[in-house]
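J.: Residue-level listing of the chains:
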Amino acid sequence: MIEITNVSYSYSNIPALKNISLNILKGESVTLMGANGCGKSTLLKLISGIITPDSGSYKYHGEEITEKKLRDSKFSKLFHQKIGFVFQNSQTQLFCPEVYDEIAFGPRQMGIDEAEVENRVKDCLKLLDIEGLKYRAPYHLSEGEKRKVAIACVLSLNPEVLVLDEPLNGLDPRTQRWLVEFLINFNKSGKTLIISTHNLEFLQEISSRAILFNEDHSIAADMAMENILEDIDLLKKVNLIDEYYHKHVGNKHSHFHLHNY
Amino acid sequence: MTEKDIPEWLLKNENYFPQSDKDTFINKSITSLLGVLSHIRRQSGHKTDLFGINATFSVIFTILFIILLSVSRSLFFVITANIYLLLILCLLKGEDIMVILKTSFGVAAFTFIILLPTALYGNFYSITMITPKIFASVTAINILSRTNRWDSIISALKTFFIPDIFILVLDVTIMYIVLLGEFSLDMLYALKLRSVGKNKSKQASLSGIVGTMFIKSKEMAEDTYAAMRCRGFTGEYHTYRKFKFSFVDSLYIIANAIIILCFIYFGRYFRK
Chain A
37 MIEITNVSYS YSNIPALKNI SLNILKGESV TLMGANGCGK STLLKLISGI
87 ITPDSGSYKY HGEEITEKKL RDSKFSKLFH QKIGFVFQNS QTQLFCPEVY
137 DEIAFGPRQM GIDEAEVENR VKDCLKLLDI EGLKYRAPYH LSEGEKRKVA
187 IACVLSLNPE VLVLDEPLNG LDPRTQRWLV EFLINFNKSG KTLIISTHNL
237 EFLQEISSRA ILFNEDHSIA ADMAMENILE DIDLLKKVNL IDEYYHKHVG
287 NKHSHFHLHN Y
Chain B
29 MTEKDIPEWL LKNENYFPQS DKDTFINKSI TSLLGVLSHI RRQSGHKTDL
79 FGINATFSVI FTILFIILLS VSRSLFFVIT ANIYLLLILC LLKGEDIMVI
129 LKTSFGVAAF TFIILLPTAL YGNFYSITMI TPKIFASVTA INILSRTNRW
179 DSIISALKTF FIPDIFILVL DVTIMYIVLL GEFSLDMLYA LKLRSVGKNK
229 SKQASLSGIV GTMFIKSKEM AEDTYAAMRC RGFTGEYHTY RKFKFSFVDS
279 LYIIANAIII LCFIYFGRYF RK
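Sequence lines, in order, name chains A and B.
So for the first sequence, the numbering used here puts the first residue at 37; every next one is plus one.
So for the second sequence, the numbering used here puts the first residue at 29; every next one is plus one.
With the rest of the complex left out, here is chain B (with noise of 0.2 Å):
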């Protein structure tokens, strides 16, 4: 190729003037994959879990914690299990505590509606009760969430008895959700960037998009398991974890166990 063989066009200044145009969705969708994105980025950020306590006691202790809400029927109970809630959150960063308790606030919020009517009739229990312990389960699941690695979250899994493979198809997931949500950020870049008029066939744009994403993901599972079969993968699969005990790991120990015992003794003398 040679200088000449350019076209005319192309050595003019585009006389262009833009119609405008509703890209919502497009910037929409960046915005919504990159709050995810930077959040598992920053997420695997972390050095350690919370207070370095081990991710295997913060899953025991959350589910036996959620338990223990739903079947208590002391709103004494309830309101303990609350109080230690937001004593946690108050150790957490500012960003966190503000996500935690939008989420919190918002589940609450809903299912106080939903009972609304129930109070309405004379049915005070319910949303007396109810209420704030979807408030404490979402806070404490959030709280395990914000605060521990995903990885060793789902590491900590293997306690419960739940097999390798899944663990491993859990922790490929999460790599997938990375790789796959980078790839499609940058199709919705070049998408938003090749925009530069009216799209009068938005929807065909976007099926584009899936369906590349589609055969991307099948190419790198497939690329991933032949990777595995390399390395001498042949359907089993062990995880491997070092289990470290703290002082910090006791401390928490002794708190639930407090938890626990608060359960017992609002249960059996401060009952409603």
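Pulled out of the complex, with its shape left as it was, chain A reads as follows (with noise of 0.2 Å):
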């Protein structure tokens, strides 16, 4: 469904990207794993469309993604319609007065009846948890209340890949395990989805594939989620593990920490 193929991209001459490739199966949950700055986001921004590659190709369903297409209104908005974006700070997708208005915002510029809208939004209030703020302003939520109306906000518009940006960043404990167990639902239900965290916790339940970024901007390992856990060396490579020494009982030894593990 998603073939990305030597994607290159840059920020003012600052790279992000280097040499990507990779292909991304209907239904599948990927996620892509790397220290900060990697590059990650920028993967995401490419694959909804928000920036397009300097080199390379991505095509989505066959057909190849460029800045000329996404010019097209029509292509666009059809484009942005099969690919739900979340992004990593919820405030920035929240703008409308009201829950309700913001969740209700991509039905009804679909057209779609308003019975149908109301419908859409009762389910995605009920989905998510979040009936009990109808009709309270976004921006007075809390982080993880904002989080979860910006999940219902790309939801209702039924998007074939749910794309989220370290969706469990600045979330409790109990919000995380919630979050987690949503999208292992919703994948389960045949949705693609693809995530980006360097928080290792939860990984394994969320996706049985983990693309991992080097620091360098390339990708440094697409393979199976269990393997790449237990590949010690290459975790620590990309800096995604640590070493830290403590003491039991007088013996010194050493042993690997997962950054939130």
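By construction, these hints were calculated from the structure, which means they are not laboratory data.
Be a bit skeptical, because a hint or two may be false.
[What the hints assert, rightly or not] Straight-line C-alpha distance at most 27 Å; calculated DSS-like pairs for lysine-lysine: (1) LYS230(B) <-> LYS104(A); (2) LYS230(B) <-> LYS170(A); (3) LYS246(B) <-> LYS105(A).
[Claimed, not checked] Examples of chain B residues toward chain A, derived with CB under 7 Å: (4) ILE34; (5) SER48; (6) TYR217; (7) GLY225; (8) ASN227; (9) PHE271.
Glycine included, every Cβ here is placed at the ideal spot set by N, Cα and C.
Grab the two chains, each in its own frame, and use the hints to assemble them into the complex.
T.: Pasting the structure below:
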């Protein structure tokens, strides 16, 4: 479904992606892993059509996504409906006066009749367990609530692919657990899931496949999640784990420590 | 939540054909914001100022240069000043030269058009003097802005006895232009990604973005003030900077001294 071939991208001559190639199949759940600033968010922006590659190609359902095509209003709208993107900072995604309007924004634009829009909004509110926030102003919500509203307003578009940038960041443990369960079930329903994170705690539950980024913005490994999490040298090399020493009953030994693990 | 809780419509493929709509405003806003942010990023990426010249000298001589230009009545001096600036321009990167000349020619052309009626009434002095003066002044300011980091220019203001607290405000302003610019850019991206059909009330979405930006800036201002107080800020702020003088600075001073001498000489012997 998603084919990325030899893609490179840079911000004002500062490289963000170097020669990236990967394929993502329909219904897959893929996690992009890597240290801060390695290019995960840039790749997600590229997949969502916010930016286009400097070199290489990006194809969605066999059709190449180029800047020229994204300038075509109809193509761009259809493409953005298919791929839903949840930003790292949920607040940037919310601009309507009430949560209800926020979730209804997309379906209303799609020309869906108001009864169906109401139905979708109700379903999304229930699915994300935020029925109580229906008439609240988005900017007064907590970080976890904002994240849920941001996901709900993307889901109401019924995208084929859900892209989430660092979805677990800044959430309390209970909301993190809730979101993990939600993503697992959402993926089981047949939707494609692409997330980025440097939080290794829940990865094995969410995704079966991991794409590991080097700090030089290239891909270090693309393999099954369980294999990657066992490859301590590789995780150490890409700066996802660190080593520290402590003493147990006078014996000094070293062991590996996963961030947030 | 379980898999069964997922509503039926979310399990089906969306059979959707979008209507075309005008998104020019969102796209133009994104492009212009990106332009400002990448310019600031590029500036902060500069390791040193132009040729390593102390920004204090650049600021002093640029202001002096503009004053001399404006009071000069000698066309020879104005031409010399323009030649001097064009020589400096030759030493810059192609991209910088393009941007500077584009602005300078634009402003000079506008001045020329405004003064054209005076020329038609026989007053050629204004058009021949003011147009090159404007061209040189805009070029000088642009060279200063494109070749010096903004933080260097701001700290150079201390030389002119500008209060430290005002320098702090300018520093913080640039920081907020970047932070709020990046935030508003993300909001515009989000609006673009969710604008998947015909938006009948674009103004409402944009006013929502402006409102959120206002709240965000208020929160950030309060947080910054609280953080400053936690670090001992009581209303007084002191800026410190190291003064460096290099060989390049002495060359720059000599070049500007020659320009000042030209001003005196041409002013005395080649008036008009």
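J.: Decide, hint by hint, whether the structure agrees.
T.: Verification of the hints:
no.	hint	in the structure
1	LYS230(B) <-> LYS104(A)	holds, 24 Å
2	LYS230(B) <-> LYS170(A)	holds, 22 Å
3	LYS246(B) <-> LYS105(A)	violated, 39 Å
4	ILE34	holds, 5 Å
5	SER48	holds, 5 Å
6	TYR217	holds, 5 Å
7	GLY225	holds, 3 Å
8	ASN227	holds, 6 Å
9	PHE271	violated, 31 Å
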